[in-house]
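Trainee: Turn these sequences into a full structure, and let the hints guide you.
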Amino acid sequence: MRVLVIEDDPQLSGYLAKAFGEMGASVDLADNGRDGLFLAAGNAYDVMVIDRMLPELEGLAIIRTLRASGNPTPVLILSALGEVDHRVEGLRAGGDDYLVKPFAFSELHARIEALMRRSAPGDAPVTSLSVADLELDLLKRQVHRGGQPIALQPREFKLLEYLMRHAGQVVTRTMLLENVWDYHFDPQTNVIDVHISRLRAKIDKDFDQPLLQTVRGAGYMLRAD
Amino acid sequence: MAITAEQLRQGTKRKLGPSLSRLRLSSRFILTSSTFRLALLYMLLVGVSVAILLGFIYWSTAGYMARQTDATIGAEIQGLAEQYRRRGLAGLSTVIAERIARDPQGASIYLLTAPSGNPIIGNLDSWPQVAPDAGGWVRFRARQSLGEDVTIEHETRAKVFRLRGDLRLLVGRDVRELTAIRQLILDAMTWGLAITVGLALLGGWLMGAGIVRRLDVVNQVSREIMQGNLSRRVPSAGTGDDFDQLADNLNRMLERIEALMLSIRQVSDNIAHDLRTSLTRLRNRLELLHGADLSDEARAEVEVAIADADELLSAFNALLRIARIEAGSRRAAFADLDPLPLLQDVAELYEPLAAESLQTIQVEGVAENSPCRLHADRDLLFQAIANLVDNAIKHSPSGGQIRLRAVCSETSVELSVTDDGPGIPPELRDKVLQRFFRIDESRAAPGHGLGLSLVQAVAQLHGAALSLEDAAPGLRVRLRLPKQAKTQTTPSAAGRPSSPV
Chain A
1 MRVLVIEDDP
11 QLSGYLAKAF
21 GEMGASVDLA
31 DNGRDGLFLA
41 AGNAYDVMVI
51 DRMLPELEGL
61 AIIRTLRASG
71 NPTPVLILSA
81 LGEVDHRVEG
91 LRAGGDDYLV
101 KPFAFSELHA
111 RIEALMRRSA
121 PGDAPVTSLS
131 VADLELDLLK
141 RQVHRGGQPI
151 ALQPREFKLL
161 EYLMRHAGQV
171 VTRTMLLENV
181 WDYHFDPQTN
191 VIDVHISRLR
201 AKIDKDFDQP
211 LLQTVRGAGY
221 MLRAD
Chain B
1 MAITAEQLRQ
11 GTKRKLGPSL
21 SRLRLSSRFI
31 LTSSTFRLAL
41 LYMLLVGVSV
51 AILLGFIYWS
61 TAGYMARQTD
71 ATIGAEIQGL
81 AEQYRRRGLA
91 GLSTVIAERI
101 ARDPQGASIY
111 LLTAPSGNPI
121 IGNLDSWPQV
131 APDAGGWVRF
141 RARQSLGEDV
151 TIEHETRAKV
161 FRLRGDLRLL
171 VGRDVRELTA
181 IRQLILDAMT
191 WGLAITVGLA
201 LLGGWLMGAG
211 IVRRLDVVNQ
221 VSREIMQGNL
231 SRRVPSAGTG
241 DDFDQLADNL
251 NRMLERIEAL
261 MLSIRQVSDN
271 IAHDLRTSLT
281 RLRNRLELLH
291 GADLSDEARA
301 EVEVAIADAD
311 ELLSAFNALL
321 RIARIEAGSR
331 RAAFADLDPL
341 PLLQDVAELY
351 EPLAAESLQT
361 IQVEGVAENS
371 PCRLHADRDL
381 LFQAIANLVD
391 NAIKHSPSGG
401 QIRLRAVCSE
411 TSVELSVTDD
421 GPGIPPELRD
431 KVLQRFFRID
441 ESRAAPGHGL
451 GLSLVQAVAQ
461 LHGAALSLED
471 AAPGLRVRLR
481 LPKQAKTQTT
491 PSAAGRPSSP
501 V
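Chains as they are written, first to last, in our numbering: chain A, 1 to 225; chain B, 1 to 501.
If you are wondering where the hints come from, they were derived from the structure by calculation, not from laboratory data. Every clue listed holds true.
In silico lysine to aspartate or glutamate, EDC-like type, Cα no more than 16 angstroms apart, as pairs:
hint, chain 1, residue 1, chain 2, residue 2
1, A, Lys18, B, Glu287
2, A, Lys158, A, Asp137
3, A, Lys158, B, Glu348
4, A, Lys158, B, Asp345
5, B, Lys159, B, Asp133
6, B, Lys483, B, Asp336
7, A, Lys205, A, Asp133
Mentor: In structure tokens, the structure reads:
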């Protein structure tokens, strides 16, 4: 995996380089907009992480230029500006996701994995998902585990669907709020945790192998091991 | 489609209503405007000065003529008295007879009487009934027989003089003409005064109306600016008068304010950028540390430190968020939406949390004969209602009930969140809206005391009224949002039944 990071804060970019390196990705760094655009246009990356406020050339300008020249590489925008209109601006400029500083690296990691999966081409439309002995039928809107039917509320179904689509990946609480509930907001209490524990009670309770796991300090993950 | 007379009447009424009330309003504004009051005062001053001036003119014209008449009469009496002294009664009679003969019109009036009261000579039929004043002056209607069958009567001013030998002499003048002229002057002056006052009043009204109209423009612009449209400017008439100067000064002030607001926003953006970047660094270092080879004890400490950092960050984020919403610049994300599904989404999101303490959440929507549409920022409204529900869950007893309600009327949408907890004492209701304020007994509960401040900021951005009420028992928080004019959407079921989630 090749990652381009355009970020003017040396400590943050150093940290990102180290963290991506530990994941086994190769990372290119640029500390200003002009160098960043030069690198982005001349190399093939799997994903790019671009800060909004950059010296020389603004982050959104880089994205607009890349999109205008037909470059489809997924872009995650980093910014200290977290308001909705800033987010809308960023996505309108051609960004694929928007992450507000400060963020946990696990959040960035989870989003980048989701981005790369979204951009994987040539998939036939999925009609069913399965993780271990858990099966979810998107057409009949039914869930079975080990052959036993599990009754879920519509929102629980949507929640499980999202987790299964990102099986093996960490999914953060913010990602769930944005994608399952479709609202950008800061819950004062961790309301998501309660929904997860309800879902867990339904899909894991009567089975030996727990599938829905909590990843400390990051979020949740559905996996088979 | 048939239109009934009633509809027509209502239509006209609706059309006439506002313009009539505007007229009433503007005339009230004119009457209460200080400029118009000044104009009235000015009119009074002009009126009084003109009256004094006209009085003086009257005195020096009509008065002069009267004084002239008196002087002539006085002189004539002196002359006749002299004749009497030198030539006796016969001489006096001769002179009087000559003078009467010279004046067939009877403009000069003479009467000489003997001590017995009998007339000796004269062209007056009888001695006047009116008693003379201290100076001997008398004013009466004279009756003269100027020949056969010719008798005239006219206004006369005369003086009575007593001669030696107890004779009485009366000399007078016909003052008809004088009276007529005086009346003419008086009439002209009255009209002049009335016209002056009328013109001053009209001028004052026009001046007041013009000024009020221009002030109205300034007021209108000020209102728009207070609603958050800082880019509005006061138009200038281009004449360079005082009002244009006022408009220029206001506009310059507005530009200054706008520049200041912009720089504040830039500063807060920069603070946000810088501080959040440092905080990112701190948190990420802790995260790296968490991944390193640590003892269980140290790992637990790092987890606590991360949680602390997150707590700090969330308070910091909320504070910045409130500040930015309060700056009133975030109307870009406004769109038309139905508030009921939004309430249902909040209820659905919080229902498991409420269920943990055996609380229930109910959603109820009441729409009065119109589809319920609201022009609002969806995410912020969701945030506000979520904060209220979050508070309600935290402060209601186990087994309590939380009710979300949307009531749509023609002009507004009212969203309310009601719990049956302890409520908030009236004296604290304003304080709980302040940042970081928390009622003492709730210190134990998690949170940073910014939830309601954020709700208030969201309410302000939407031009909504936020009120905290006693739900007896419990607290009712009510958000009254003004409705936009454009409600042209599909009709929806009126008065939806309540649906427990």
